[in-house]
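With these hints in hand, go ahead and build the complete structure from the sequences.
Protein chains in written order, with my numbering: chain A, 6 to 119; chain B, 70 to 183.
Mixed in with the good hints there might be a few duds.
[Unchecked claim] These stretches of chain A come out as covered by chain B in the derived footprint (C-beta under 8 Å, 3 or more residues):
hint	region
1	15 to 26
2	60 to 73
3	76 to 87
[Unchecked claim] A few chain B residues that don't get close to chain A, going by computed Cβ distances all over 10 Å:
hint	residue
4	D77
5	N93
6	Y96
7	Q127
8	E135
9	S141
10	H151
11	D154
12	V181
13	H182
Hints are computed from structural coordinates only; laboratory data are not their basis.
Every residue gets a Cβ at the ideal spot worked out from N, C-alpha and C, and that includes glycine.
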Amino acid sequence: DSGVTQTPKHLITATGQRVTLRCSPRSGDLSVYWYQQSLDQGLQFLIQYYNGEERAKGNILERFSAQQFPDLHSELNLSSLELGDSALYFCASRQTGGNTGELFFGEGSRLTVL
Amino acid sequence: AQSVTQPDIHITVSEGASLELRCNYSYGATPYLFWYVQSPGQGLQLLLKYFSGDTLVQGIKGFEAEFKRSQSSFNLRKPSVHWSDAAEYFCAVGASGGSYIPTFGRGTSLIVHP
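As structure tokens, then:
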């Protein structure tokens, strides 16, 4: 158990719909990362938050948005869903302070768009 | 920009045989290097990491990896593979300065034959 919690584990929805994925980082971790894992693209970085503020953006579509709340949990919002958005979405957190660089991953949210 | 290459998409070994998974990275300075393992339906679990110091690092589950700066490589090894090692393995690199966004390789799928 990494200590990172993601919900829901599985989600099936239709094209054009909107979904919200939720992530609770490890206790005390201020950094949250979102990655998308698909068969053809591998593990792609989407966005990072640190203590409520956006820190870095990767290959995140304009239809996608995220935020980190004061209690440090984060949500990834995916709208106007397309078939190609079907993927496994991971949240990860990073230890605050020190010189450690590893990310701790949740078990992911598998999104299927029909 | 940093990048990671895992040349082997699939590797098949017999149980009890030795294993080496290849990883090459591109980064100007000394990177943070990681190997993660992903079992079906699970998140990514850290096997081992390299930041500095001894270039041969030991990890969990009997894995080790060697950092070779001259070859820009960080290959993962295990002397004797167990059937439970069948999984997807990811190499990752993190830059030691600036915005910290680990980049992942495409992964190597390990198949273990009895």
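Okay, which hints does this one fail, numbers in order? 1, 3
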